[in-house]
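S.K.: Read off the chains here:
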Amino acid sequence: MELSFNWLSQYVDHGATVDEVAARLTAAGLAVEGMEERGGDYLLDVDVTTNRPDCMNHLGLAREVAVVFDKPLDVPDARPEELAKRTADEVTLTLEDPVGCSRYVARLVEGVEVGPSPEWLVERLESIGQRPINNIVDITNFVLWETGQPIHAFDFDKLRGRAIVVRRAQGGELLVTLDGERRELGPEVLVIADAERAVALAGIMGGLETEVTESTKNVLIESAHFDPRVIRAGAKRLDLHTDASHRFERGADPGTCLDAATRVAALIAEVAGGRVVGGAVDERNENLDWRLEGELDLARLDRFAGAEISAESVERWYAGLGFELEGKDAGRWSVAVPSWRYYDFKPDPGDAPGRSSRPVYEADLFEEAIRLYGMDKIPSGLPTLAGPDAGSSEGHERREQIRRHLAACGYTEAINYAFQDAESEVVYPALERQGDPIRLANPLSELYTVMRRSLLPNLVAAAHFNLQRGAEAIRLFEIGHVFPGAESPEVEAVALIGGGSLGMPWDRKSELDLFDLKGVLDALAWHFGARLEYRPAEIPKLISGTASELYLEDAPERRLGYMGQLEEDSAFPLFAAELEASFFDRAGIPQVRTPSRFPGIEADLTLTHSRDTSWSEIASAIAAAESPDLVTYGLKDRYRGKGVPEGAVNTTIYFVYNADERTLTQEEVNERHQDLVRDLENQFGWRG
Amino acid sequence: VRLRPSFFPFTEPSAEVDITCPFCRGTGCQVCSLSGWMEILGAGMVDPRVLEGCDIDPQIYSGFAFGLGVDRVAMIRYVIPNIRLLFDNDQRLLRQIY
Numbered sequence: 001m002e003l004s005f006n007w008l009s010q011y012v013d014h015g016a017t018v019d020e021v022a023a024r025l026t027a028a029g030l031a032v033e034g035m036e037e038r039g040g041d042y043l044l045d046v047d048v049t050t051n052r053p054d055c056m057n058h059l060g061l062a063r064e065v066a067v068v069f070d071k072p073l074d075v076p077d078a079r080p081e082e083l084a085k086r087t088a089d090e091v092t093l094t095l096e097d098p099v100g101c102s103r104y105v106a107r108l109v110e111g112v113e114v115g116p117s118p119e120w121l122v123e124r125l126e127s128i129g130q131r132p133i134n135n136i137v138d139i140t141n142f143v144l145w146e147t148g149q150p151i152h153a154f155d156f157d158k159l160r161g162r163a164i165v166v167r168r169a170q171g172g173e174l175l176v177t178l179d180g181e182r183r184e185l186g187p188e189v190l191v192i193a194d195a196e197r198a199v200a201l202a203g204i205m206g207g208l209e210t211e212v213t214e215s216t217k218n219v220l221i222e223s224a225h226f227d228p229r230v231i232r233a234g235a236k237r238l239d240l241h242t243d244a245s246h247r248f249e250r251g252a253d254p255g256t257c258l259d260a261a262t263r264v265a266a267l268i269a270e271v272a273g274g275r276v277v278g279g280a281v282d283e284r285n286e287n288l289d290w291r292l293e294g295e296l297d298l299a300r301l302d303r304f305a306g307a308e309i310s311a312e313s314v315e316r317w318y319a320g321l322g323f324e325l326e327g328k329d330a331g332r333w334s335v336a337v338p339s340w341r342y343y344d345f346k347p348d349p350g351d352a353p354g355r356s357s358r359p360v361y362e363a364d365l366f367e368e369a370i371r372l373y374g375m376d377k378i379p380s381g382l383p384t385l386a387g388p389d390a391g392s393s394e395g396h397e398r399r400e401q402i403r404r405h406l407a408a409c410g411y412t413e414a415i416n417y418a419f420q421d422a423e424s425e426v427v428y429p430a431l432e433r434q435g436d437p438i439r440l441a442n443p444l445s446e447l448y449t450v451m452r453r454s455l456l457p458n459l460v461a462a463a464h465f466n467l468q469r470g471a472e473a474i475r476l477f478e479i480g481h482v483f484p485g486a487e488s489p490e491v492e493a494v495a496l497i498g499g500g501s502l503g504m505p506w507d508r509k510s511e512l513d514l515f516d517l518k519g520v521l522d523a524l525a526w527h528f529g530a531r532l533e534y535r536p537a538e539i540p541k542l543i544s545g546t547a548s549e550l551y552l553e554d555a556p557e558r559r560l561g562y563m564g565q566l567e568e569d570s571a572f573p574l575f576a577a578e579l580e581a582s583f584f585d586r587a588g589i590p591q592v593r594t595p596s597r598f599p600g601i602e603a604d605l606t607l608t609h610s611r612d613t614s615w616s617e618i619a620s621a622i623a624a625a626e627s628p629d630l631v632t633y634g635l636k637d638r639y640r641g642k643g644v645p646e647g648a649v650n651t652t653i654y655f656v657y658n659a660d661e662r663t664l665t666q667e668e669v670n671e672r673h674q675d676l677v678r679d680l681e682n683q684f685g686w687r688g
Numbered sequence: 001v002r003l004r005p006s007f008f009p010f011t012e013p014s015a016e017v018d019i020t021c022p023f024c025r026g027t028g029c030q031v032c033s034l035s036g037w038m039e040i041l042g043a044g045m046v047d048p049r050v051l052e053g054c055d056i057d058p059q060i061y062s063g064f065a066f067g068l069g070v071d072r073v074a075m076i077r078y079v080i081p082n083i084r085l086l087f088d089n090d091q092r093l094l095r096q097i098y
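Those sequence lines, one after another, are chains A and B.
Numbering-wise (the working numbering), the first sequence opens with residue 1 and increments by one.
Numbering-wise (the working numbering), the second sequence opens with residue 1 and increments by one.
For the record, the hints were derived by calculation from the structure and aren't laboratory data.
Do not take every clue at face value.
Claimed, not checked - From the structure, some residues in chain B lie toward chain A, with a derived Cβ separation under 7 Å: (1) Pro5; (2) Phe7; (3) Gly69; (4) Asp71; (5) Arg72; (6) Pro81; (7) Arg84; (8) Gln91; (9) Leu94.
What the hints assert, rightly or not - Beta-carbon label-pair distances, calculated as ranges: (10) Asp74/A - Ile97/B: 55 to 63 Å; (11) Leu34/B - Asp13/A: 28 to 36 Å; (12) Ile97/B - Ala311/A: 49 to 57 Å; (13) Trp506/A - Ile80/B: 30 to 38 Å; (14) Val1/B - Arg229/A: 33 to 41 Å; (15) Tyr61/B - Glu270/A: 51 to 59 Å; (16) Val31/B - Asp74/A: 39 to 47 Å.
Heads up, the beta-carbon is just placed ideally off N, CA and C, and yes, glycines get one too.
Please construct the entire structure, taking both the sequences and the accompanying hints into account.
M.R.: Below is the structure:
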């Protein structure tokens, strides 16, 4: 909010420089974020937080300055001369919506001369970037920026029936507003109407037909209090935002309506001629109670603040801020909150305004003393805490272990948004899809319209990003949540993408392939005491023949994830996998087998078998045979070509036999090995 | 480091913590809008309404809360000028940090 230093200084003789005022306001909670020198004045850019609508005007901010510098606040006291005739006889007022409009004050000034504003008024408005229009409108604008109370001025003679009705608009009701726009209204919109039609958008903007022009002679001044929720709904419906609606939405001062109206009337009489009609019409919703009270206990304040604050300071500060204090005992007061701080202190934000059923929270009261005392003055200390730590949050340990392991394998963690665009989302495989993806009601852009169901699309995008920048290898992983559908809980997943070549020709350049990715996953599983099973499958977007679904060896019914080579237009092949991270929450510790102290014997077998037989089938058969003292075996080589029949392959397998308690003899090993070989030849041997 | 009052709906009182701008060491520069200070975290005493909402009696218990942007701190620590760089997933940047 941009306010003028000179204007603000009109209400308090602080005797300080603009820098000192800015520094003290900032320390008190109204951060002055910038100041611009403008011809002898300074425009202060104050970050008025949403709980302080009372400071969105010069008098309110001046009150803060007055308290901080311990100087009196000079509030203009308007006492214009008034005619004998009464406003109440000249205009009738009906509040049809006493919730939407809980108070309405009307005053009249007759016989005005509408014209340009005097120099002082123009200067004030221009100092904050407001454009002067005519003396009447400028005065209403001035009082808004002085007191925070939005004021509207009507050409009284244009109000039919000399009546004001505050009501909701009817469906389809039309109004041409001050900006010339013809607006169609509905019941969410609160309007000011005369006896026949709507003449203004209450709390938002006036109507064109009843606006003050050069020919206006009699002015009706409106100074009212509107419910923030109603103004917000109406403003949103009409897509309007004005200085008036801004203040009503955040909570104007319900107590200032009459004073502000009188101030406007006095200024109009002074500046535009005219005579102020006696008294005001002041209608209010009698069912509402705007009084907020609480208890302030100095001992509790000091304990809460961690500081020693004097009773004398408390009394001075709260009085300066406009609170009513009534001493009960030493160090204890009853406190009443000033009306301009109503919305800040309202105990139940969800309650309708004017209906607070309980005292204000003491913490709300404490804040005033603490901020004026000075937060930096409060002594620092560390809390003494007893008891054990709360422990890590859910999944933290497993995430850390997965991360470290994958990083150790040479992969780098990527972090992507949890959103996706709906089109690319369906293309890639996912762990699970249940119905439609979760749609965002208010996406930031077309790229982020649904919650992701797979980590792949964003990782692929990251891979392309790196490829476009000349990356020779991609090794990325991500751990994050995916959202299968509106009815399903979120699932934590880990995904990897890899490809390209590592190293330079002089230090053994190698091309990453599917088996490198598989190796990372197998090692990760082993680290958590598990083994993975890879079942070939057809998976969209993964090249046929490379894709497999992942299962845990000891939980073969539950699909864990998938892996394969991506069907992707890229400089080199890309391989990807995605798995559910929760499976890594196993208690499993990898089992270590102590090596024997005795030497072992190695034997090989070259088996010719059908290409359709997978290595995992052969390995399973070897395991099933449970040959005694067979400690390890594995794939040594595979060969197709000269000497191998069409449709077959030669697989060389190594076997290591080693007993824990003695040296095995060659004869023993030969015998066991021959048994095993015969077994395998029977099961898998090529028959031509 | 300085602590100054601010506002969050869930704390009462609320505060902001600023640090002297690491780029100009408090003299004022473009990064800190010439103020010499950089906001680093929001904090405050837990608002009693929040405690009540969790069935905790604010007359007996109080709490404090604070939160800071991990991305922001990373940007300051590693002198990364733009937050987008932390989400591009450019391996040339990622591989420098561990």
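S.K.: Does 33 to 41 Å hold as the CB distance between Val1/B and Arg229/A, or does it fail?
M.R.: Holds - the Cβ-Cβ distance for Val1/B and Arg229/A, about 40 Å, lies within 33 to 41 Å.
S.K.: Go through the hint on Arg72/B and say holds or violated, using the shortest Cβ distance to chain A against 7 Å.
M.R.: violated (15 Å)
S.K.: Hint check: is the beta carbon of Pro5/B less than 7 Å from a beta carbon of chain A?
M.R.: Because about 3 Å separates Pro5/B from the closest Cβ in chain A, which is inside the 7 Å limit, the hint holds.
S.K.: With a cut-off of 7 Å on the beta carbons, see whether Leu94/B makes it to chain A.
M.R.: holds (5 Å)
S.K.: If I claimed the Cβ atoms of Trp506/A and Ile80/B lie 30 to 38 Å apart, would that claim hold in this structure?
M.R.: holds (34 Å)
S.K.: Given Pro81/B was flagged as interface, is its beta-carbon under 7 Å from a beta-carbon of chain A?
M.R.: violated (18 Å)
S.K.: Is the interface hint satisfied for Gln91/B? The criterion is a beta-carbon contact with chain A at less than 7 Å.
M.R.: Gln91/B check passes; min Cβ-Cβ to chain A is 5 Å, inside 7 Å.
S.K.: Holds or violated: 51 to 59 Å for the Cβ distance of Tyr61/B and Glu270/A?
M.R.: Because 57 Å falls inside the window, the suggested range holds.
S.K.: Given Asp71/B as an interface hint, is the shortest Cβ-Cβ distance to chain A below 7 Å?
M.R.: violated (10 Å)
S.K.: For the range 55 to 63 Å, tell me whether the beta carbons of Asp74/A and Ile97/B fit it or not.
M.R.: Holds: the Cβ-Cβ distance is about 58 Å, inside 55 to 63 Å.
S.K.: Do the Cβ positions of Leu34/B and Asp13/A conform to the proposed distance bound of 28 to 36 Å?
M.R.: Given about 29 Å between the Cβ atoms, the range holds.
S.K.: Is the gap between the beta carbons of Val31/B and Asp74/A within 39 to 47 Å?
M.R.: Roughly 40 Å apart at Cβ, these two residues keep to the hinted range, so it holds.
The structure fails to meet hints 3, 4, 5, 6 and 7 from the earlier list, while all remaining hints are met.
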